[in-house]
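Number of protein chains: 2
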Amino acid sequence: MKRYGKVIKIKPEKLDYYKKLHAEPWPEVIKAINECNVRNFSIYFRDGYLYSYYEYIGNNYDADMRKMSEMTKEWLKETNPCQVPVETAKKGEWWAEMEEVFHTD
Amino acid sequence: MKRYGKVIKIKPEKLDYYKKLHAEPWPEVIKAINECNVRNFSIYFRDGYLYSYYEYIGNNYDADMRKMSEMTKEWLKETNPCQVPVETAKKGEWWAEMEEVFHTD
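Sequence order for the protein chains is A and B. Each residue of the first sequence is one higher than the one before, counting from 1 in our numbering. Each residue of the second sequence is one higher than the one before, counting from 1 in our numbering.
Mixed in with the good hints, there may be bad ones.
Since copy identity is lost for identical chains, a pair holds within one copy or between any two.
Stated by the list, open to error - Simulated crosslink set (BS3-like; lysine-lysine; CA at most 25 Å straight-line):
id	residue 1	residue 2
1	K2	K67
2	K20	K2
3	K77	K11
4	K91	K31
5	K67	K90
6	K73	K11
7	K90	K31
8	K14	K2
9	K77	K90
10	K20	K91
11	K14	K73
12	K31	K20
Hint data in this document are derived by calculation from the structure and do not stem from the laboratory.
Generate coordinates for the entire structure from the input sequences, incorporating the hints supplied.
And the structure:
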């Protein structure tokens, strides 16, 4: 299992809509997360930023992430316009990966 | 079980020391985390901020947090001077709580 922590900015005017979507996520989104081997997935908000944490239990992360994007295409059409990558994101990076500095089970 | 996501700033000049401490955490710190009913505890770093995620499995959070502070007093003498609360933290708040906007197991 591999843990991921990521960050992205949220447009202030889109925060309410983003929260509303995530308060009642579409069943196909939950199904996609599950089928793509992502577990214990949380998103937090504070001060204009969104932080995600999840655990990946599969063995082909890139393929599963591509599959998840495909399966959640319609959902991402709603959520992507709410978000803006952080200034320091790599070219093409959407949610930017954070560095794990500590973990204990 | 209740999940917590928190954020705090790290002083740039203290980042290396903070990472070094957390790469080889003191055994008494791990013991304290465990005895105080905190599980699956991660800290991430990006762009001057630290983000923590953990799961609390006990039934008296405030008492366990006080106990953990007491048990990790010497460790906190090392880590606290590395950190600065975010501008929007409440009075007296150290790590500032983030708002959970999504979760799926």
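**OP:** State whether the alpha carbon distance between K2 and K67 is at most 25 Å within one copy, between copies, both, or neither.
**Re:** within (18 Å within a copy, 30 Å between copies)
Subject >> Up to 25 Å CA-CA - K90 versus K77, copy category >> reply: Answer is within: at 22 Å inside a copy they meet the 25 Å cutoff, but 35 Å across does not.
**OP:** Up to 25 Å between alpha-carbons, please classify K73 paired with K11: within, between, both or neither.
**Re:** Result: close within a single copy only, 20 Å intra versus 39 Å inter.
Original post:
At most 25 Å between C-alpha atoms: does K14 with K2 qualify within a copy, between copies, both, or neither?
Top reply: neither (31 Å within a copy, 27 Å between copies)
**OP:** Go through the copies and call it for K91 and K31: within, between, both or neither, with a Cα cutoff of 25 Å.
**Re:** The answer is neither: 29 Å in one copy and 41 Å across copies each exceed 25 Å.
**OP:** Since the copies are identical, ignore which copy is meant and state whether K67 and K90 lie within 25 Å (CA to CA) inside a copy, between copies, both or neither.
**Re:** within (22 Å within a copy, 41 Å between copies)
**OP:** Up to 25 Å between alpha-carbons, please classify K20 paired with K91: within, between, both or neither.
**Re:** neither (29 Å within a copy, 29 Å between copies)
Subject >> Alpha-carbon proximity context of K20 and K2, limit 25 Å >> reply: Intra 29 Å, inter 21 Å, cutoff 25 Å: inter-copy only.
Subject >> K90 and K31: within-copy, between-copy, both or neither at 25 Å Cα >> reply: neither (29 Å within a copy, 38 Å between copies)
Original post:
When no copy is named, should K31 and K20 be tagged within, between, both, or neither for a Cα gap of at most 25 Å?
Top reply: within (19 Å within a copy, 39 Å between copies)
**OP:** If the cutoff is 25 Å on CA atoms, where do K77 and K11 land: within, between, both or neither? Let me know, please.
**Re:** within (15 Å within a copy, 38 Å between copies)
Subject >> Intra/inter-copy verdict for K14 and K73 if alpha-carbon distance must be at most 25 Å >> reply: Within one copy only: 19 Å inside, 42 Å across.
Hint violations for this structure: numbers 4, 7, 8 and 10, all remaining hints satisfied.
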